[in-house]
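**Q** Got chain A sorted already, so can you dock chains B and C onto it with the hints?
Residue numbers (the numbering used here), protein chains in the order written: chain A, 1 to 319; chain B, 1001 to 1324; chain C, 2001 to 2253.
Treat the hints as calculated values from the structure; they're not laboratory data. Nothing here was measured: the structure is a model prediction, and the numbers come from that model. Hints may be right or wrong, so weigh each one.
Said to hold, decoys possible - To give an idea of the interface, some chain A residues facing chain B are shown, with a C-beta separation under 10 Å as derived from the structure:
(1) Asn107
(2) Leu110
(3) Gly113
(4) Ile140
(5) Phe147
(6) Ile158
(7) Pro188
(8) Thr192
(9) Val299
(10) Glu316
Stated by the list, open to error - Heads up, simulated BS3-like pairs for lysine-lysine below, C-alpha to C-alpha not over 25 Å straight-line:
(11) Lys2131(C) x Lys262(A)
(12) Lys2069(C) x Lys227(A)
(13) Lys227(A) x Lys267(A)
(14) Lys2075(C) x Lys2028(C)
(15) Lys202(A) x Lys2129(C)
(16) Lys6(A) x Lys2131(C)
(17) Lys223(A) x Lys2129(C)
(18) Lys2089(C) x Lys6(A)
(19) Lys2105(C) x Lys227(A)
(20) Lys2075(C) x Lys315(A)
(21) Lys2131(C) x Lys5(A)
(22) Lys202(A) x Lys2240(C)
(23) Lys202(A) x Lys2089(C)
Quick reminder that beta carbons are idealized off the backbone N, C-alpha and C, glycines included.
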Amino acid sequence: MAQNKKLQTGIISLAIIVIICYMLIKLIGVRSLFALKMIVKVRFPKLLALTVSGVLVTSASLVFQSIVNNRILTPSMLGFDAIYIAIQTIIIFLLGSVNFLLNPIYNFILSTGLMIIVTLIMYRLVLQKSKNNVVILLLIGLILTTFLNNMVTFLQSIMSPDEYLNLSAGISISLTNMNLDLVLIALPIMITCIVLFYCDAKRLEIISLGEDNAINLGLSYNKEVIKHLIYIAISMAIATALVGPLSFLGLIVVNLTREIFKTNNYKILIIFSGLLAIIFLLLGITILEIVGHITTLPVIINLIGGIYLFYIVIKENKI
Amino acid sequence: MIKRNIFRRTILISLFIILFSASTFIGILDIKLIDLLKLDREAWHNFLYFRIPRSVSIVLASAGLAVAGIIMQAISQNKFISPTTSGTISATQLGMLVALLLFPMGSSFVKFGFAFISALIFSIFLMVILNKIKIKNIIYLPLIGMMYGSIISSITSVLAGMFGKLQTVQSWNVGSFTLLVKGRYELLYIIFIPVLLAYIYATKFSIVGMGEDFSKNLGINYKSVILLGLVLVSIISSLTYIIVGPLPFLGLIIPNIITLIYGDNLKKSMIDIIFLSAIYILICDILARTIRYPYEIPISFVAGVFGSLIFIIILFGRVKYGSK
Amino acid sequence: MIIARNIYKSYDSSTVLKGINVQIQKNKITAIIGKNGVGKSTLLGIMARLLPMDDGEVLLDGVNIKNIKSIDVAKRIGILKQTNNIQAKITVYELISYGRYPYSKGRLTLLDKQKIEKAILYLDLEEVKDKYLDELSGGQRQRAYIAMILAQDPEYIFLDEPLNNLDMKYASQLMGILRRIVNELGKTVVIVVHDINIASSYADYVIAMKDGQIYKEGSNLEVITKEVLDYIYDYDFKIKCIDGQNVCLYYRE
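Next up, chain A with everything else stripped away, as it sits in the complex (with noise of 0.2 Å):
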């Protein structure tokens, strides 16, 4: 317990400290105070971002992983980030680059909107069937994500070089131009969020006992999980549309709290991934900052987290 109190502090102090860091990298160097200003005021609303999307993935991928009773599965397989490419590709390909970031807000409503139908319609056209219900939703998932790859391959093939590399900034959480007002919409939610899930915690930690157990210690199984998936729509195509596709985060940060911790408490485990989140989005900013942007953090992320992945599973010995 003293150990855990430990770990918490020093989760905390690293997360104080790379707030800090993220803002204050670009200072270096700089001598006038309206730099200085500039600066802050430029960064800040990225850090909200970053923020906001880091701990409405994380919260997602805490649920879902309760939901399937399963460590490696995350709710990015049901193909939110493909769908995000998808849209934004099909955007720049009918509209050109010029309007493509016309107006950031109906492209955030856009695109969310459209990830929780296109959810809402698998959840409705799956779920209806069999016992091995969610892993088919993933499978499903899965290969939306690669039939909408497939399409965005061609069209993103056609695409004149300019307008690829517009869309390449775009997609990718180099935040160049983010909007403060989106953050200050997608703010409340994801604080919103946050309080529903702390209520709920107790309950989603007898769902993660499995189905019958939960049925036994009286909650309404079927009820809670569709209560749950349509939260994962919500928090998932939100966090996606601000940052863009953000894959593995939740895997990692959620696996390695729960490695840290080694507690199945949802209050814990949901204030220090989300945590961890953070600081995981804002190292890795800063880190290709300092590099040189040789690639996307959806890329890094990814690379990871998937190796990330594999170390569980043979560790495990199981999936």
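**A** Same frame as chain A, but now just chains B and C:
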């Protein structure tokens, strides 16, 4: 029973001949049978230079991928594994990128070599991991495979990004038969070798799929047969990817359809697999070329769309009846 | 009192339960026996509202179980199914404390803690209570699950094949614990078992099922007879009465 199979096979072959001819004669450059019979030089030139290579490539590529798929399914005893769902295609892509970076002027052969080795190494790695762990639900397998594939793709992405080759890599992902003219597609003929070997070793592959102890009991060298299977699959995957591009899900859906009808006996169904896959891809090809006539939609897109839909249908079918 | 009336249940195209009428005897250990697939687990699940039925009703103390809030049912019926592969990294103590959820929704009161401690004592888990589930042996894990049901403090405890994968030592240990629970704590236990001799040795009341219906129910001496067993299992049994108990011999041709 045998009569039914012969009947089915006749239908398959007839369909194949019809579609093959259709595919060969459709296109921007109209070729009419009359012209060929009249020994019109231009008609024959188009025929031999564009059409025949194209149609032959289609058949070879699809047959190869379907056979690769069924080999993989046999040796892993899992109906959902295929080059698309096991990261093999992504590995091939990585190999090609490495070849491009190290030998920018390299021939197709060099590309093939790197692609093949990359596909083989990553497949072996996956197989080793899968053997060590207990999988509770077989549906997890394609999930793992596709995640594995996306990890490899990330590596490729990072590498490509570092050297500014991102869009080049993207262009490889577009499967198209338009570039298949005489002189560029001959490498595909190599596919005959792995397909033939697959036929010869069919029984061994089936046995090996039942486990190491089972195979040893029957006197089969487990490790070498698995290795042979993976080598054949890697050859086929890299060859088809380099020359044609990806044909998503083909190696998954065709074997599944065939085994649903004919059962798991590889030797018996090999020929049907080849014809059915050719028919499937010929249909996709004809659609790809006629839907937006005279423009051609990449075959990988059409195959991807149909492949996904058919995969979902198969998925529901198999899960409902609880079969493996 | 739990009464099942006219229960019908089908899976896909086959009807598993064809009009089951049964009343669960209080303060006894009841064993449900029958061939594989005859519907024992299905019946147990339906009575504990784990599974929906196609027709019929289950009455819990005179009220249709459908009309009682699930969380209230949880305080009166506890069910443990066969397959339990809880992935979560939880300790024995944490698992058992989940059993108090229907009462305190997570905030453990003094009463909750007492019930938990009692369950730990009963199931002899004092030494492993702070260990993680995946660190336990099969027998210990099964005891932990049952401790959770015990902490749930329901009047009725339903167990679906609780002795699977347990060695003889642990199996009889567990049955002994169930016996104590019934005798000392006044609870009612219903178990689905495969081993007829377990039913014969430990159950007070036996329900024998065949073809989706209850063929015979009664005390274990009444039901564990050659006539009944031969019929429901389609087999030729040899029954010997040893020390006042009917023992089945089934491996001698």
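**Q** For each hint, tell me whether it holds in the structure or not.
**A** Structure-based check of all given hints:
1. Interface restraint check: Asn107(A) against chain B, minimum CB-CB distance 23 Å, threshold 10 Å, status violated.
2. Because the smallest distance between the Cβ of Leu110(A) and any Cβ of chain B comes to about 23 Å, over 10 Å, the interface hint for this residue is violated.
3. At about 23 Å, the closest approach between the beta carbon of Gly113(A) and any beta carbon in chain B exceeds 10 Å, and the interface hint on this residue is violated.
4. A least Cβ separation of about 6 Å between Ile140(A) and chain B falls short of the 10 Å threshold, and the interface hint therefore holds.
5. With 10 Å as the threshold, the beta carbon of Phe147(A) comes within range of chain B, its nearest partner Cβ sitting at about 4 Å, so the hint holds.
6. Here the hint on Ile158(A) is kept, as its CB sits about 9 Å from the closest CB of chain B, short of 10 Å.
7. Taken as an interface hint, Pro188(A) does not check out: its beta carbon lies about 33 Å from the nearest beta carbon of chain B, beyond 10 Å.
8. Checking Thr192(A) against chain B by beta carbon gives a least distance of about 31 Å; that is not within 10 Å, so the hint is violated.
9. Evaluation of the Val299(A) hint against chain B yields a held restraint, the C-beta minimum of about 5 Å falling below 10 Å.
10. Nearest Cβ of chain B to the Cβ of Glu316(A): about 8 Å, under the 10 Å cut. The hint holds.
11. Under the criterion of a C-alpha separation no larger than 25 Å, the hint pairing Lys2131(C) with Lys262(A) is consistent with the structure, at around 11 Å.
12. A C-alpha spacing of about 19 Å is found between Lys2069(C) and Lys227(A), which places the hinted pair at or below 25 Å, so the restraint holds.
13. Pair hint Lys227(A) plus Lys267(A) holds up; C-alpha atoms about 19 Å apart against a cutoff of 25 Å.
14. Of the supplied pair hints, the one linking Lys2075(C) and Lys2028(C) holds, its CA atoms being roughly 19 Å apart against a limit of 25 Å.
15. At most 25 Å may separate the alpha-carbon atoms for a hinted pair to count; Lys202(A) and Lys2129(C) meet this at roughly 21 Å.
16. Under the criterion of a C-alpha separation no larger than 25 Å, the hint pairing Lys6(A) with Lys2131(C) is consistent with the structure, at around 21 Å.
17. Note on Lys223(A) and Lys2129(C): the hinted pairing is violated, with a Cα-Cα distance of about 33 Å set against a maximum of 25 Å.
18. At most 25 Å may separate the alpha-carbon atoms for a hinted pair to count; Lys2089(C) and Lys6(A) meet this at roughly 20 Å.
19. A hinted pair counts as satisfied when its Cα atoms are at most 25 Å apart, and Lys2105(C) with Lys227(A) qualifies at roughly 19 Å.
20. With a CA separation close to 39 Å, the supplied pair Lys2075(C) and Lys315(A) exceeds the 25 Å bound.
21. For the hint linking Lys2131(C) to Lys5(A), the alpha-carbon distance of about 20 Å falls within 25 Å, and the restraint holds.
22. Between Lys202(A) and Lys2240(C) the alpha-carbon distance is near 52 Å, which puts this suggested pair outside the 25 Å criterion.
23. With a C-alpha separation of about 15 Å, the suggested pair Lys202(A) and Lys2089(C) falls inside the 25 Å cut-off, and the hint holds.
Of the numbered hints stated above, those contradicted by the structure are hints 1, 2, 3, 7, 8, 17, 20, 22, listed in ascending order.
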